[in-house]
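From just these sequences and the hints, can you work out the full model?
Chain residues, written in single-letter form:
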Amino acid sequence: MIDVLYFAWVRERIGLPRETVDSSAETVTDLISELIAREERYALAFSDLASLRVALDQELSSFDAPLKGVREVAFFPPMTGG
Amino acid sequence: MIDVLYFAWVRERIGLPRETVDSSAETVTDLISELIAREERYALAFSDLASLRVALDQELSSFDAPLKGVREVAFFPPMTGG
Amino acid sequence: MRLIVGEAGFDPGFEVNEFTAKTAGAGAVVSFTGLVRGGQSSVGMMIEHYPGMTEKAIAAIMEQAKKRWNLIDCLVIHRFGKLAVGEPIMMVAVAGIHRSEAFLAADFLMDYLKSRAPFWKKEIGIDGEEWVASKEADEAALKRW
Amino acid sequence: MRLIVGEAGFDPGFEVNEFTAKTAGAGAVVSFTGLVRGGQSSVGMMIEHYPGMTEKAIAAIMEQAKKRWNLIDCLVIHRFGKLAVGEPIMMVAVAGIHRSEAFLAADFLMDYLKSRAPFWKKEIGIDGEEWVASKEADEAALKRW
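Protein chains in written order, with our numbering: chain A, 1 to 82; chain B, 1 to 82; chain C, 1 to 145; chain D, 1 to 145.
The set of hints was computed from the structure by calculation and includes no laboratory data. A quick note: this is a predicted structure, and the numbers were derived from the prediction, not measured. Please note that a few of the clues may not be correct.
Just so you have them, the derived chain C footprint on chain D, three or more residues with Cβ under 8 Å [to be verified]:
| hint | segment |
| --- | --- |
| 1 | 25–35 |
| 2 | 98–106 |
| 3 | 116–122 |
Listing some non-contacts, in silico: residues in chain C with all C-beta distances to chain D over 10 Å [unchecked claim]:
| hint | residue |
| --- | --- |
| 4 | A8 |
| 5 | E55 |
| 6 | K82 |
| 7 | R99 |
| 8 | A102 |
| 9 | I124 |
Just so you know, even glycine gets a beta-carbon here, dropped at the ideal spot from N, CA and C.
Rendered as structure tokens:
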């Protein structure tokens with residue numbers, strides 16, 4: 001079980017801010033594939049990975065990073081703070 | 001007649017903040033030569049021109065600048081504002 | 001070091017004075033305040049953030065700035081939620097012994113907050129809302145450091 | 001634009017708030033405050049200036065900064081006379097549409113005020129007084145612009 005969080009337009013496209021997913025994905029990319037296979041809204045949200053960022057347990061990470069031991073995955077667009 | 005102003009350690013070495021000088025000097029360098037010829041304290045103040053700056057009518061200038069039309073000459077060390 | 005992430009408004013002048021009063025020995029205090037700009041059709045801004053990660057990310061950036069420029073102290077305040085035109089969005093303040101370090105550190109903090117602190121801005125206009133797009137220049141700016 | 005050259009103390013936070021309140025449309029306000037640093041034996045500072053030239057030189061520098069970075073507004077306050085450790089010596093505040101211009105303009109103003117505004121600082125210590133020497137780096141810094 002892994003907590004998956006969505007922010008900004010990713011949250012809006014998927015239609016919820018967070019969910020708990022029962023996944024055996026080994027990497028972020030695997031997890032994305034599982035999500036895309038579920039429903040059209042996920043496919044829409046993940047259609048362009050270049051415009052997405054991922055954080056694993058609240059640390060920016062890469063899409064090929066392993067998920068072993070990770071409890072929280074967050075997907076969001078590039079940040080626009082400051 | 002020209003007003004000559006001194007600031008910071010130049011003022012301290014010469015011992016006064018300003019004076020009016022009857023001079024026919026054509027350039028700043030000429031004026032400095034006249035002043036040095038007057039008294040030891042001027043010679044001391046003007047002994048190292050590299051550590052001095054000059055302003056003509058309140059504009060930074062160079063030592064070889066002409067004095068024609070100038071009413072106010074100021075000598076001081078490099079500025080330390082800010 | 002002091003970090004505030006919250007919805008409430010704040011008073012930049014008051015904060016910079018409080019900050020300065022506590023930094024004995026500082027010769028230079030640089031502050032930056034970001035404000036909601038008004039546009040032809042812009043009426044405000046909505047800021048979303050990632051609670052938990054925001055605080056961790058900013059604290060790490062502050063720690064890095066403090067060490068690298070040997071700062072006496074630094075402060076970051078960043079709001080989220082709904083903001084009106086003209087309101088302060090965020091501020092940083094940096095106290096250093098000398099000027100150049102304080103300027104560099106403030107500039108560094110801003111570059112990192114912009115692209116590494118998990119905030120997302122949405123502009124609220126009279127005709128609708130739009131997520132603010134990140135700029136390539138913002139990401140490129142990180143390479144300066 | 002607002003320029004104050006005077007002996008009186010001032011409140012940097014109050015000034016930056018007043019300044020910001022008057023700059024509609026600004027997205028970025030950068031302020032710098034220079035303070036009298038304490039040393040082992042330093043008890044204060046005496047600042048001499050060249051009345052008349054000071055105001056002219058600073059106004060010209062502000063004009064140049066405003067034009068070059070398309071600033072919305074800028075403010076310079078610089079004191080002279082006797083100052084105690086911890087007191088603010090001077091401040092600049094710059095309001096721009098964007099952050100990078102505001103940072104550059106504030107940095108530029110400081111570089112020029114340091115070497116082109118006719119102020120001379122004297123450190124007052126328990127053992128005597130000493131004129132602050134200008135640094136070659138300060139003059140070199142002007143070449144950046």
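Verification of the hints:
no.: 1; hint: 25–35; in the structure: holds (count 11)
no.: 2; hint: 98–106; in the structure: holds (count 4)
no.: 3; hint: 116–122; in the structure: violated (count 0)
no.: 4; hint: A8; in the structure: holds (17 Å)
no.: 5; hint: E55; in the structure: holds (23 Å)
no.: 6; hint: K82; in the structure: holds (18 Å)
no.: 7; hint: R99; in the structure: violated (6 Å)
no.: 8; hint: A102; in the structure: violated (8 Å)
no.: 9; hint: I124; in the structure: holds (16 Å)
Of the hints listed earlier, those the structure fails to meet are numbers 3, 7 and 8, in rising order.
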